[in-house]
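Peer 1: Chains as they are written, first to last, in the numbering used here: chain A, 1 to 201; chain B, 1001 to 1201; chain C, 2001 to 2201; chain D, 3001 to 3201.
Heads up, a few of these hints could be off.
[Stated by the list, open to error] So the derived list for chain A, only partly shown, Cβ under 8 Å to chain D, looks like this:
| id | residue |
| --- | --- |
| 1 | G50 |
| 2 | R91 |
| 3 | G136 |
Worth flagging that the hints you see were computed from the coordinates, not collected in a lab.
Keep in mind the model is a prediction, meaning the values are calculated, not measured.
Even glycine gets a Cβ: it sits at the ideal position worked out from N, Cα and C.
Number of protein chains: 4
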Amino acid sequence: MRAIVINCTLKRSPERSNTEALAAVVIEELRERKVEVETVRAVDLDIPPGVETDLGPGDPWPEVHGKLLDAEILVLASPTWAGHPSSVAQRVIERMDGMLSESDDEGRPVAYNRVAGVVVTGNEDGAHHVISDLSGALNEFGYTIPGQAWTYWNRGPGPGPSFLESEEGRDWSITTGRAMAANLVAVARALAEHPVPPPPS
Amino acid sequence: MRAIVINCTLKRSPERSNTEALAAVVIEELRERKVEVETVRAVDLDIPPGVETDLGPGDPWPEVHGKLLDAEILVLASPTWAGHPSSVAQRVIERMDGMLSESDDEGRPVAYNRVAGVVVTGNEDGAHHVISDLSGALNEFGYTIPGQAWTYWNRGPGPGPSFLESEEGRDWSITTGRAMAANLVAVARALAEHPVPPPPS
Amino acid sequence: MRAIVINCTLKRSPERSNTEALAAVVIEELRERKVEVETVRAVDLDIPPGVETDLGPGDPWPEVHGKLLDAEILVLASPTWAGHPSSVAQRVIERMDGMLSESDDEGRPVAYNRVAGVVVTGNEDGAHHVISDLSGALNEFGYTIPGQAWTYWNRGPGPGPSFLESEEGRDWSITTGRAMAANLVAVARALAEHPVPPPPS
Amino acid sequence: MRAIVINCTLKRSPERSNTEALAAVVIEELRERKVEVETVRAVDLDIPPGVETDLGPGDPWPEVHGKLLDAEILVLASPTWAGHPSSVAQRVIERMDGMLSESDDEGRPVAYNRVAGVVVTGNEDGAHHVISDLSGALNEFGYTIPGQAWTYWNRGPGPGPSFLESEEGRDWSITTGRAMAANLVAVARALAEHPVPPPPS
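So here's chain A without its partners, still in its complex pose (with noise of 0.2 Å):
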């Protein structure tokens, strides 16, 4: 089993990642349940804008469209701005819009059969609608949202600190990120097992 994680921080590597130290748990969470993870920091990538899956030479898209068909586990992490998801976990929306029109060989989307989770992190209040917006996209395009499979960390009200700044709060956080991990996997588990048909026609 194998699952990708989409780092959407707006912060370039090497710089610390808050959203990437959260979904860390996560991803030790599906080690611990012998699934392959491979992770993706999509800002280093600057994923041009576009609907489609393939914008020409030079789109560093179709490279990550092929390790989400590869994996049967999607976690999206991004942080909370404005109350929102980033503005790269949005891109990496726009750009997963192609795979609505694509099909696997039985003639179902191609993100059936898959399971998809979000990791949000913020110096601010936001993330109940963060995970909202998120899985209700991935919803759109075909991927299940096992029961809750989501974790998140913030402080209110107000700005205040972020995920790498403060203690408080975080044990909720890890533990709620690990349950996410095992709700991934077993519902990936049972859709690999009895896979969802192609839709009536």
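Got chain A; can you put chains B, C and D on it based on the hints?
Peer 2: This is chains B, C and D only, laid out in the frame that chain A set:
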């Protein structure tokens, strides 16, 4: 396999409900797949405000709660008002909040291994937001959201006809609604065969 | 100058409301600025579902509607449940929908030249979304939303204490609430002096 | 009086932009009202990710930031992708975040006494959410949102034609866009005459 469909229209019986009309497509397809379907028109019950499962004598919620626990599949159907889920849908979500602290015999949140989907109608734009908000809340409670487990109907821009007043675009909503039912049943069956275990402690 | 503050807590009087406690900061500052403030605890009124201004005998909404028309300033105060505005807040929004088709003597939508702001409390993350959803709906009806006309309080991540149970972060919410009141009054006065004319036909 | 209109289409010049076409209605009406209008097509600028006003040599944002400070009126125009504001719109929001810590000569946040509105197009449902998300963020930064300062166009349900491909429903979007321009100008003038003072300390 059993399903509960909660219609969150603002209109009391026997007034005609657009949301019920689109939900009927999903119900028919569920029944074709041998699912026993129970329906609840929440507005008729005058569900009192609160976030606990039982608010005492006269509270109609415990009976709905029992039906939720009897069903592997939940369909929440809501009209769109000001671009949001209806107050009746939000009332249902609030009363379901109590399920967060209820566990089954094996220590799993009671919504685990159940699936949910959303049906939305409107006389104006807003369905994507209603779907994300409602499926986000149900996922928070522990429901798994199968890929593409939703359908909707509206005609933008600006206020326009209701579902029962226009034929336009209906085919898409019906086809999508039938696929939704198929996806709900397939994932519910997969989870019945391979249940998600309790979260790691 | 007059203001109406609608508290959309789920708790009936005389139970203590966290939302009321934070709204009180805004009310005090409005009164300091010579604004007459009227308060409504919507849940106590059992407002029936619908999207018209008057649903007939026994409907308490027409009285609230009259107070809305008497006030240049509206403050909508809501708790956060599942990251959304409360069902009581959405009920208020639905009943305000009728104002979309009501015009003043000069042909302007009745909400024109009135201002609105939002107060949010929660025992979990979600305030940004509640503020955007509620102020978005009020703006759709015609209310002007002065810059930074909101305040909120919660403590993430995960469920935590309520406003009345924790001192943490309160100063920020109070300072922000006082600024909110000042901004509401300043913009209401500007519009009283220089009213927005009817829309071009 | 000056306005800046930022088109957040994903399409680079000179490709035709649906969002630009609907924004043109608002621009025309602003010019009729003697407003000087400057336009920016954000995607052409390759704005780098970040939340500060100046990211150093080659950063095109400081020039846009200067135009924002020169204008009393801001119009943010975005397409709808997966029901969300475009990644380009979110990028603009993120770069505007730096304005939160900038004050004018009298100690007011720099966005105070400026007004903003939102234009949305889409080939599918989602406009209400895009309007609420974007105007919510601009309001957080300090912009006043005049009543009904938005317009949108789409055709639901399901993916459909774009604004430039269909005449249907256009009249409503155009009338609403003209009213939006009138409301932006009227409130900007009211605030120019009666500015909001600095927040109470």
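Peer 1: Compare the structure with each hint and give your call.
Peer 2: Evaluated hints:
1. Evaluation of the G50 (chain A) hint against chain D yields a held restraint, the C-beta minimum of about 6 Å falling below 8 Å.
2. Annotation: interface hint on R91 (chain A) holds; nearest CB of chain D at approximately 4 Å, less than 8 Å.
3. Checking G136 (chain A) against chain D by beta carbon gives a least distance of about 7 Å; that is within 8 Å, so the hint holds.
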